[in-house]
Amino acid sequence: MVERVNLNHAAGNPVDKRVLEGMLPYFQEFYGNPSSVHIAGQHAAKALANARMQIVNLVGADVKDRIVFTSGATEANNLALIGFAYRNRQKGNHIITSQVEHLSILNPLKFLVKQGFEVTHVPVDEYGIIKLEALKEAITDKTILFSIQHANNEVGSIQPIREVAGIAADAKVPLHVDAVASAGQIPIDVSDLGVSLMTLSSNDLYGPKGVGALVVRRGTSIQPILLGGGQEMGLRSGTENVSGIVGMGLAAEITGRELEANIRHFTRLRDRLIKAVTSKMEYTYLNGHPTHRLPNNANIRFSFVEGEAITLHLSFQGFLVATSSACTSRTLEASHVLLSMGVDEAEAHGALQLTLGRDNTESHIDHFTEVLPPIIQRLREMSPLYPPS
Amino acid sequence: MYSEKVKEHFQNPRNMGELPDADAIGKTGNPVCGDLIWIYIKVKDDVIVDIGFKTFGCAAAIATSSMLTELAKGKTLKEALKITRAEIAESLEGLPPIKMHCSNLAADGLHKAIEEYLRKTGRSIEDL
Chain A
1 MVERVNLNHA AGNPVDKRVL EGMLPYFQEF YGNPSSVHIA GQHAAKALAN
51 ARMQIVNLVG ADVKDRIVFT SGATEANNLA LIGFAYRNRQ KGNHIITSQV
101 EHLSILNPLK FLVKQGFEVT HVPVDEYGII KLEALKEAIT DKTILFSIQH
151 ANNEVGSIQP IREVAGIAAD AKVPLHVDAV ASAGQIPIDV SDLGVSLMTL
201 SSNDLYGPKG VGALVVRRGT SIQPILLGGG QEMGLRSGTE NVSGIVGMGL
251 AAEITGRELE ANIRHFTRLR DRLIKAVTSK MEYTYLNGHP THRLPNNANI
301 RFSFVEGEAI TLHLSFQGFL VATSSACTSR TLEASHVLLS MGVDEAEAHG
351 ALQLTLGRDN TESHIDHFTE VLPPIIQRLR EMSPLYPPS
Chain B
1001 MYSEKVKEHF QNPRNMGELP DADAIGKTGN PVCGDLIWIY IKVKDDVIVD
1051 IGFKTFGCAA AIATSSMLTE LAKGKTLKEA LKITRAEIAE SLEGLPPIKM
1101 HCSNLAADGL HKAIEEYLRK TGRSIEDL
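In the order they appear, the protein sequences are chains A and B.
Heads up: the first sequence at position 88 corresponds to 88 in my numbering, and the numbers run straight through without jumps.
Heads up: the second sequence at position 59 corresponds to 1059 in my numbering, and the numbers run straight through without jumps.
No wet-lab data here; the hints were simulated from the structure.
Glycine included, every Cβ here is placed at the ideal spot set by N, Cα and C.
Warning: the hint list may mix true and false statements.
Far from chain A by the CB rule (all over 10 Å, computed), these chain B residues [claimed, not checked]:
id	residue
1	Lys1054
2	Thr1055
3	Thr1084
Pair ranges (Cβ atoms, derived) [as the list claims (entries may be wrong)]:
id	chain 1	residue 1	chain 2	residue 2	range
4	B	Asp1127	A	Leu103	52 to 62 Å
5	A	Leu132	B	Asp1021	35 to 45 Å
6	A	Glu118	B	Arg1014	49 to 59 Å
7	B	Gly1094	A	Glu118	23 to 33 Å
8	B	Asp1021	A	Lys110	31 to 41 Å
9	B	Lys1078	A	Ser71	39 to 49 Å
10	B	Met1001	A	Glu370	22 to 32 Å
11	A	Glu362	B	Gln1011	51 to 61 Å
In silico SDA-like cross-links for lysine to any residue, where the CA-CA straight-line distance does not exceed 25 Å [claimed, not checked]:
id	chain 1	residue 1	chain 2	residue 2
12	B	Lys1075	B	Leu1118
13	B	Lys1078	B	Asp1045
14	A	Lys110	A	Gln223
15	B	Lys1007	A	Ala11
16	B	Lys1078	B	Lys1007
17	B	Lys1112	A	Arg380
18	B	Lys1005	A	Ser315
19	A	Lys280	A	Gly194
20	A	Lys131	A	Gly194
21	B	Lys1027	A	Ser315
22	B	Lys1007	A	Arg380
23	B	Lys1082	B	Asp1127
24	B	Lys1005	A	Lys114
25	A	Lys114	A	Pro224
26	A	Lys136	A	Ser315
27	A	Lys172	A	Ser191
28	A	Lys136	A	Tyr86
29	B	Lys1120	B	Ile1025
30	B	Lys1007	A	Gln377
31	B	Lys1007	A	Lys131
32	B	Lys1073	A	Glu381
33	B	Lys1007	A	Ala346
34	B	Lys1044	B	Thr1121
35	B	Lys1112	A	Pro387
36	B	Lys1027	A	Ser303
37	B	Lys1120	A	Pro384
Here chain B stands alone, though its shape is the one from the complex (with noise of 0.2 Å):
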């Protein structure tokens, strides 16, 4: 069912774990569903210049974290808030369809990161 690139991502995550040091953290998911995504950047210059994350949820919730992280690193904030599900799943050769929404919550999550970085530093994303 699922994508050779999603079982490599799956078993061998990018990106995977906290870190200390980061600039602003962005939390989606719910527990209760089953899938729980915690992205976590470092920003300079406005340019991601780390990531890493956390995820309580099923292999497409894990890979799609991780496929995120990959995407988004080194891009300007204004370029990887143009990110979107659709071009995770893509990167991934496909999600099955029940997982596409449920599990497919890492845009959300960068998006919320960004969001808090911004807030931080008393910007907004029109400032960008």
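Looking at chain A on its own, in the form it has when it is part of the complex (with noise of 0.2 Å):
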């Protein structure tokens, strides 16, 4: 059997064995419901408070804050902006996100303008990073909220969030911000730069999937969206998934302090790959920022070939791998991300998202990179397109 080697790890990752550990006595040992009186209630609200600590911890927050947990970071995001809109609707109707977004984002308010709202989603420049003059020109008396991402998930670029948590603060609008991808692959302080809601997912951190987090900073009001019992500080309902919050709390623990390693890590094969990757074949773009980029992503364009045709012959090999091409979406619309890149609808169809993990190893960049000119080459020589006119 062809060894597997994984690098799409922004799909999936899997569960760090010490998280695993960890959760594990929770399914039978202490399965009581934390908001019970008695002694197994009370074993598992501690474990649940603990859990808040730890990501209190990894975001630099305050012990004051409310970390709120979510069935993964789709909810939180739902939570953040459409919790935020309701309960400070008094404010105003308008907000103000990126034209790069999760989906998870986008959607959300999209109901919102459907409910009233008015959202301006502002410009990114060739590298997929925010026009910050763009932003400031955004803003309008009416402006409740500032939504953009830490980075991008889809190219890896790393937004200016210190600049624009300077204009929010200027402007005195609340920031929330989407650190899914960010969160475990580079440094975040959220009372240093004064954001007030950050979204996050355990799955990203090598925690379980099916868990996720808002953090609510001191002084911000949302509304739940999710009606109950009043779990979670009121803004939750629903009994906790102990185990899985208890997965969370350590996988951000462990990110936290294996941080720098990492870092260190996926930098140096990230570099080797895109190298690799681009020196090696003709016609071939990183999208996204060349520095300001997360240290496991390496998002690459392969110009007159349709990315799934690669993906599936490098799945062959053994190489699990994703693509920006319109042909693997559900809607069969090409990437949001690329064409506000600029990135033209045919060439979109060429990208492949390589996102690095844990496992990956220097080994598995080299075979990977003797793996790919062929393929491209042959898909090449087949395609209408090549060679250019």
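If you follow the hints, you should be able to join the two separate chains into one complex; please do so.
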């Protein structure tokens, strides 16, 4: 059997062994409901409190900030946007975001537009970096919230979030930051930045899937979108997923401790990968910013070929990768991120999103960069667009 | 998601490449949609004696192009015009529903090639 090499960690990470071990007692031994007054319940409640502290420490929050655990980052983004917008409606109805946000930001905002809110999508430059002047110009006296990603999950560009936070502070507008792609990849300090709301995902930290968190800073008011027993400080009803939350907390702690070492490891592999792929083949380009990018992300496009075909050929040889090609999306639409960056629609089909993980080694990269060029060449020879006239 | 037959044709496409002495070329699709298919035919006595293709697109686009060339080779122009998208998909043991329309364009490419050939020889489909 061909050895499997995962270069698609943005889609899913294995749960860290230490995390899994920490979670296991919470399935059978400590199965109490944190709302119960008895000893089993209080044990679970303590585990939740501990997990909150682990999240506080990862992102530099304050003990007085609320950490609301959710069913994942999608729910956390929905809670941040819809919960904030509804709670603060009397202050205004305008929200500013960027063109390159995740769909769990863009689609709740579409919903809010139907409810009478107005949304401005600030454009980005050719690297996918938000245009700060346009952000400033978008502010009106009705603006109640900014929602800007810390880094782009698809092309890896890191946003100038300090500058964004400065603009938000000058305008006295709270800032929500989707940090799903960046948490565990680069340092985050919400206190230093002055962020009001931040979304995190457990699986991106090598914790279990189905868990996420919304950091709600002190002084920020939101209302719940799930109503019931009033768990999670009234902001997210439903009996807590204790084992999952324990896993996310532990994953956050381990990630924070090992961040520096992981940044060095990922950066070295990423640069080796980008250099080898872009130098071995012509008509091959890096998408996203060359230096302001996540240590684990390389998004590369190959002119004249289509990404699903590349992905399938690579899969036959054991490499798991993702493509931005419209041919693999549910809607058959090209990537909104690449189009916003000004990449032509035909070119957007040939983009591979490569995301490294803790299990990747130099030999994986070297093997990949040997296998890829003949696949691209073969598909190009088959393509009526190649050679370009 | 793809049948074994689709994967097999995708990995080992038949009749891939342009025919330098083609009598006609049929071009279909649009690179913006992610599929572009060119079908080359060589015709003798109204029989397709040789056929080739070049395709930019996903695995389904490549496999359907390959299958079309297998089905059309050796057929008369009249018979070849009867090849449908459905027949190509069936010969490949099915296609994912989402791929039936966007990538299954090879039959259209062949139609265009035959129409061009007939135009060049001063005829139309009704003359066959």
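Hints, verified against the model:
1. Lys1054: 4 Å, violated
2. Thr1055: Given a closest Cβ separation of 6 Å, the condition is violated.
3. Thr1084: 22 Å, holds
4. B/Asp1127 <-> A/Leu103: 52 to 62 Å: 53 Å, holds
5. A/Leu132 <-> B/Asp1021: 35 to 45 Å: Taking Cβ atoms as reference, leucine 132 of chain A and aspartate 1021 of chain B lie about 59 Å apart, which means the hint is violated.
6. A/Glu118 <-> B/Arg1014: 49 to 59 Å: 55 Å, holds
7. B/Gly1094 <-> A/Glu118: 23 to 33 Å: 46 Å Cβ-Cβ, so the 23 to 33 Å window is violated.
8. B/Asp1021 <-> A/Lys110: 31 to 41 Å: Roughly 54 Å apart at Cβ, these two residues miss the hinted range, so it is violated.
9. B/Lys1078 <-> A/Ser71: 39 to 49 Å: 60 Å, violated
10. B/Met1001 <-> A/Glu370: 22 to 32 Å: Distance hint for methionine 1001 of chain B, glutamate 370 of chain A holds at roughly 27 Å.
11. A/Glu362 <-> B/Gln1011: 51 to 61 Å: 29 Å, violated
12. B/Lys1075 <-> B/Leu1118: 15 Å, holds
13. B/Lys1078 <-> B/Asp1045: Within the cut-off at roughly 12 Å; holds.
14. A/Lys110 <-> A/Gln223: Judged against 25 Å, a Cα distance of about 19 Å means the pair holds.
15. B/Lys1007 <-> A/Ala11: 24 Å, holds
16. B/Lys1078 <-> B/Lys1007: Between lysine 1078 of chain B and lysine 1007 of chain B the Cα gap is close to 30 Å, so the pair fails against 25 Å, i.e. violated.
17. B/Lys1112 <-> A/Arg380: 23 Å, holds
18. B/Lys1005 <-> A/Ser315: The given pair, whose Cα atoms are some 17 Å apart, holds under the 25 Å limit.
19. A/Lys280 <-> A/Gly194: 44 Å, violated
20. A/Lys131 <-> A/Gly194: 20 Å, holds
21. B/Lys1027 <-> A/Ser315: 30 Å, violated
22. B/Lys1007 <-> A/Arg380: Holds - the C-alpha atoms of arginine 380 of chain A and lysine 1007 of chain B are around 18 Å apart, at most 25 Å.
23. B/Lys1082 <-> B/Asp1127: Roughly 15 Å separates the two Cα atoms, so the pair holds.
24. B/Lys1005 <-> A/Lys114: 46 Å, violated
25. A/Lys114 <-> A/Pro224: Between lysine 114 of chain A and proline 224 of chain A the Cα gap is close to 19 Å, so the pair holds against 25 Å.
26. A/Lys136 <-> A/Ser315: Since the Cα atoms of lysine 136 of chain A and serine 315 of chain A sit roughly 45 Å apart, the hinted pair is violated (cutoff 25 Å).
27. A/Lys172 <-> A/Ser191: Answer holds: lysine 172 of chain A to serine 191 of chain A is near 16 Å, not above 25 Å.
28. A/Lys136 <-> A/Tyr86: The hint holds at about 24 Å.
29. B/Lys1120 <-> B/Ile1025: 11 Å, holds
30. B/Lys1007 <-> A/Gln377: 19 Å, holds
31. B/Lys1007 <-> A/Lys131: Status violated; Cα separation ~44 Å.
32. B/Lys1073 <-> A/Glu381: 22 Å, holds
33. B/Lys1007 <-> A/Ala346: 24 Å, holds
34. B/Lys1044 <-> B/Thr1121: Holds: lysine 1044 of chain B and threonine 1121 of chain B sit about 12 Å apart, inside 25 Å.
35. B/Lys1112 <-> A/Pro387: 23 Å, holds
36. B/Lys1027 <-> A/Ser303: 20 Å, holds
37. B/Lys1120 <-> A/Pro384: 23 Å, holds
Going down the numbered hints, you'll see the structure goes against 1, 2, 5, 7, 8, 9, 11, 16, 19, 21, 24, 26 and 31, while the others check out.
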